[in-house]
Amino acid sequence: MTTLTKQQRDPADRAARSGGARTGSSGKKSITHRMGDLKIALVFIFPAMIGFVAFFLIPTIRGVYLSFTEYSILGDPTWIGLKNYSSIFSDELFWNAMAVTVQYVGLNIGFQTVIALGLALLMHRVAKSTFIRGALLLPFLVANVIVALLWFWMLDYQLGIVNEVISWFGLPRVAFFGSEQWAIPTIAFVNVWRHMGYTALLIFAGLQSIPSHVYEVASLDGASPTRTFWSITMPLLRPVMVLVLVVTVIGSFQVFDTVAVTTGGGPINASRVIQMYIYQKAFTESDFGYASALSVILFVILALVAFVQMKFLKGNESDLD
Amino acid sequence: MTTSTPSRQHAAAPTRALTTKPRKPINWRRAGAWTLVVIALIVTISPFLWMLRTALSSNHSLAANAGNLLPADFSWGAFKRVLGLQSPEEAIAEGGSGAAINFWWYLRSSIIVSTVVTVGQVFFSSMAAYAFARLRWPGREKVFALFLATMMVPPIFTALPNFLMIKNLGLLNTYPGIILPFLFMTPFAIFFLRQFFLSMSREVEEAAMLDGASKFRIYFKIVLPNAAAPMATLALLTFIGTWNEYFWPLLVGQDESVRVLTVGLGVFKSQSPQGAPDWSGLMAATLIAALPVLLLFIAFGKKVVNSIGFSGIK
Chain A
214 MTTLTKQQRD PADRAARSGG ARTGSSGKKS ITHRMGDLKI ALVFIFPAMI
264 GFVAFFLIPT IRGVYLSFTE YSILGDPTWI GLKNYSSIFS DELFWNAMAV
314 TVQYVGLNIG FQTVIALGLA LLMHRVAKST FIRGALLLPF LVANVIVALL
364 WFWMLDYQLG IVNEVISWFG LPRVAFFGSE QWAIPTIAFV NVWRHMGYTA
414 LLIFAGLQSI PSHVYEVASL DGASPTRTFW SITMPLLRPV MVLVLVVTVI
464 GSFQVFDTVA VTTGGGPINA SRVIQMYIYQ KAFTESDFGY ASALSVILFV
514 ILALVAFVQM KFLKGNESDL D
Chain B
85 MTTSTPSRQH AAAPTRALTT KPRKPINWRR AGAWTLVVIA LIVTISPFLW
135 MLRTALSSNH SLAANAGNLL PADFSWGAFK RVLGLQSPEE AIAEGGSGAA
185 INFWWYLRSS IIVSTVVTVG QVFFSSMAAY AFARLRWPGR EKVFALFLAT
235 MMVPPIFTAL PNFLMIKNLG LLNTYPGIIL PFLFMTPFAI FFLRQFFLSM
285 SREVEEAAML DGASKFRIYF KIVLPNAAAP MATLALLTFI GTWNEYFWPL
335 LVGQDESVRV LTVGLGVFKS QSPQGAPDWS GLMAATLIAA LPVLLLFIAF
385 GKKVVNSIGF SGIK
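One line per chain: the protein sequences are A and B, in this order.
For reference, each letter of the first sequence is one residue, going 214 to 534 in this note's numbering.
For reference, each letter of the second sequence is one residue, going 85 to 398 in this note's numbering.
Among the hints, erroneous ones may be present.
[Claimed, not checked] Anything over 10 Å on all C-beta distances counts as not near chain A; from chain B, calculated:
#, residue
1, T128
2, L167
3, T199
[To be verified] Only some residues are given here: those of chain A computed to face chain B with a beta carbon under 7 Å:
#, residue
4, D250
5, F257
6, I258
7, V266
8, F269
9, R346
10, L362
11, W366
12, V474
13, G478
[Stated by the list, open to error] Taking lysine-lysine and the DSSO-like style, the derived pairs with C-alpha atoms no more than 30 Å apart in a straight line are:
#, chain 1, residue 1, chain 2, residue 2
14, B, K251, B, K353
15, B, K305, B, K386
16, A, K296, B, K251
17, B, K226, B, K305
18, B, K305, A, K252
19, A, K252, B, K226
20, B, K386, A, K341
21, B, K164, B, K353
22, A, K341, B, K387
23, B, K387, B, K305
24, B, K226, A, K524
FYI, nobody ran anything at the bench for these hints, they're computed from the structure.
Ideal Cβ placement from N, Cα and C applies to all residues, glycine included.
All chains, full assembly: derive it from the sequences and hints.
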């Protein structure tokens with residue numbers, strides 16, 4: 214990742230320099246210099262600007278505005294100040310959704326990071342083949358919905374192969390998606406399965422950027438593989454691990470597809486994650502103001518998570534420099 | 085973890101060891117590591133084989149052969165049922181619901197949406213990326229930073245207001261409604277292409293400029309052809325991403341007439357009777373829905389794999 218930012222800096226400078234040289238010599242230099250290719254640039258970014266303003270910028274502002282209103286699609290939004298936020302504070306379903314989401318994120322990130330790190334090390338040290346990397350990436354490329362349906366079938370209480378295997382060992386069948394206790398761990402498992410190869414690839418890319426001479430020195434000093442891992446690999450991998458953690462935590466806070474297709478938030482409230490709750494508030498109860506306030510809160514949580522992770526893990530620094 | 089960290093010499097050693105020492109002692113650490121690789125591959129691949137096995141089974145025989153690794157009472161019925169090649173009576177006889185599944189129609193919708201989004205997004209984003217990488221204008225860095233900042237905004241946050249806007253425009257349950265938010269840009273696409281434009285050599289461009297070529301000509305005749313590879317990679321990622329998208333089409337494209345495959349599969353699942361769902365039909369449908377991505381992956385797998393390190397910033 215560091216190479217990218219370097220690449221990004223240099224040619225930009227070069228562009229500015231050569232551009233400046235071209236416009237030079239005449240008296241009107243300063244104005245042409247400053248405006249540069251403005252007119253042409255405007256034409257080039259025009260379509261992207263439409264998309265940006267219409268579908269990113271305005272919606273962001275409108276989302277914040279709506280969170281201070283009562284709005285049920287029919288009629289106009291009415292300003293109610295902080296009322297949505299104060300009701301959220303005492304909304305038991307919201308706290309339940311938060312608890313369920315946090316439980317999911319914890320399970321998902323914990324297992325995914327450890328498994329992906331293991332896979333990345335395997336890919337790096339044992340099997341560098343593109344075929345193996347590709348095979349591990351396969352679940353990530355298939356739609357969430359398809360993955361959810363596939364596991365819904367494999368984990369079926371009556372006919373699912375997983376329960377069949379469990380019963381061969383004389384153990385009791387498990388209602389994976391159907392029990393309050395298992396719903397969230399099961400959804401977490403399904404998504405770990407889907408994402409582990411992708412996460413492993415990101416970490417693998419990081420491993421490859423660690424120069425081999427560092428390892429050579431370590432082995433000359435007689436460091437054991439375990440010690441090399443903890444004293445060299447992990448510290449040098451930190452920037453990549455931070456990036457991976459930020460990306461996966463932010464992603465898993467927004468889990469929806471798997472839940473929507475398998476449990477729909479049930480049984481009772483056991484798997485109603487925060488995004489499912491927002492969806493239901495907006496589209497089943499048509500309470501857009503409240504749903505917007507919920508998504509503002511989700512947004513703030515995600516921003517905080519990213520900020521804390523960056524600061525706490527000192528993501529911007531690499532021990533290599 | 086320790087098994088997976090054999091020291092570096094092992095990687096170079098084997099060839100030499102084989103020629104000098106005919107009987108090399110088994111490297112247990114390496115064997116253990118390979119075992120883990122194989123287990124990981126089995127865990128990843130076998131569910132897909134199970135999907136195929138189920139799709140090729142006769143629905144009624146699944147219950148009696150739940151643990152059999154081969155298709156239970158081999159039949160193409162599930163695929164026929166999904167593709168609408170079976171009469172309702174036959175379908176019911178084989179365990180289907182007998183309800184018509186507009187699979188071809190959903191497939192068509194998915195193709196339309198994914199193709200238009202891919203073409204539009206890659207083209208418009210490349211224009212913007214060119215402006216950010218190669219043209220000089222005041223405020224360039226600030227505007228780019230603003231574009232990048234929106235990468236942080238979670239999709240759910242903009243989804244509700246976007247839904248309201250599409251609704252106000254009267255575009256609910258239309259293709260434009262599903263397509264528009266993704267047609268012009270995503271911050272990621274612009275970022276991705278900008279990186280490539282920055283690293284391209286300026287010399288050809290400058291030579292063309294001396295010959296009096298306009299910026300537009302340079303962009304179409306020089307920049308675009310030279311960026312074919314990264315644009316193809318981006319197009320591939322965009323197509324797969326759009327094909328797999330569920331949340332947005334669920335919000336604005338519920339109607340049968342514009343329903344895409346992902347949404348259709350969800351409906352298919354919820355329609356199947358609770359007692360005995362049509363599992364082989366469902367697995368046949370998911371397999372066909374995954375097919376385009378699988379084919380793209382077989383054709384361009386290396387590209388996708390190699391671009392992941394890059395796209396990790398997403």
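So which of those numbered hints doesn't the model satisfy? Those not satisfied are hints 1, 7 and 13.
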